[in-house]
Amino acid sequence: MNSLNSAVTRRTFGTIALSAAGALVLSACGQGSPSASSSGASSSASGSGTLTKITIGVLPITDVAPIYLGQKQGFFEKHGLELDIQIAESGAAILPAVTTGDYVIGYSNVVSLLIAKDKGLPIKVIHNGSSSTNKPGADVTEVAAKPATGISAPKDLEGKKIAVNALNNFAEITIRSSVKKAGGDPSKLSFVELPYPQMPAALDRGDVDAAWTTEPFRTQILEAGGKVVASPMTDMAENFDSAFFFTSEQTLTEKADVIGMFRAALTESFAYANANEDAFREIIQDYAKLTPELAEKVVMSKWNEKVNQEALTTLAAAAQEFGVISQAPDISGLLAES
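Numbering (mature numbering (1 follows the signal peptide of the UniProt record, and there is no 0)), first residue to last: -30 to -1, 1 to 308.
One should not assume that every hint holds.
[Claimed, not checked] The following label-pair restraints were derived from C-beta to C-beta distances:
1) 44 x 157: 48 to 56 Å
2) 70 x 20: 33 to 41 Å
3) 261 x 171: 12 to 20 Å
4) 174 x 122: 12 to 20 Å
5) 247 x 162: 18 to 26 Å
[Said to hold, decoys possible] Taking lysine-lysine pairs in the BS3-like style, the calculated list, with each CA pair at most 30 Å apart, reads:
6) 130 x 158
7) 23 x 105
8) 23 x 267
9) 150 x 130
10) 131 x 158
11) 272 x 23
12) 48 x 89
13) 131 x 105
14) 259 x 116
15) 272 x 150
16) 42 x 89
17) 48 x 259
18) 267 x 116
19) 259 x 125
20) 42 x 267
21) 197 x 125
22) 48 x 272
23) 276 x 150
24) 105 x 150
25) 105 x 197
26) 42 x 151
27) 89 x 105
28) 131 x 150
29) 89 x 267
30) 116 x 105
31) 197 x 272
It should be emphasised that the hints constitute simulated quantities derived from the structure, not laboratory data.
Beta carbons are placed, not taken as given, at the ideal position from N, Cα and C, and that holds for glycine.
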């Protein structure tokens, strides 16, 4: 069996959903609870036979569009699955639900999973989730600032106050790495935790000097005169993966057939999403509650099956260097065999 770590792949880091009336933006490592769900997996009858119903935990972001597209197109049913999709308030809320078996599968950012593994949680990555665009200045998640701050490059962030959606997690690691790569001192950065929707106003007021921002808030900041000053994910590695689908080690052992069915259906869903941009932009208006105008502007992710192990190793080394995890993780042990 081949480890789920082969070819280097390209996909973009997904955008955070924004509703017309306002946004409920979810930190991938913040506090929160999953919404109520039935536990684990069960069987149900359908017109085409008996389906295995599984509960999966996701965030209402555009990265997970293939799940909804695959459900709508019947790919999961084709592989014998009925999905009970539960929206959680954070990746941190999804983690315990997966490890206890309430969710069969979950979705979370890479660093939260590295932290979980560092703490001894029995989890396994079963499928890729999302990746950088490889386009500095045109990535989905970047650092932006107003020209008046005098910040125009990563090194200029030294001594500045930077808004991030969660402390001691993905944003801090990648920003510190960008500053170091640019010849700056990564220890001379000040971070403040803010929800994504509050970042544009915080920049306007001067409460923070820069913001780690994702779509659609990135576009809002740029349209208000902000400029991209750092592209941390593209700085970290080419084809940098930012999130994964995962399960517990127990579930992987006890429900190996179900996990295999999910992987096969998700791979088909990825292919469909990549080939059908109009369908993508339509469905994110539904589950992610984006307005049609925002749905047209967001950067569409690219979805590929394989995990970039080299980039993951680079990120893990940075996480250890900056004190987010205590030791170098066993990357091959984190990735489930395919």
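Find the hints from earlier in the document that the structure breaks and name them by number, from lowest to highest.
-> Violated hints: 2, 5, 7, 8, 12, 16, 19, 26, 27 and 29; rest satisfied.
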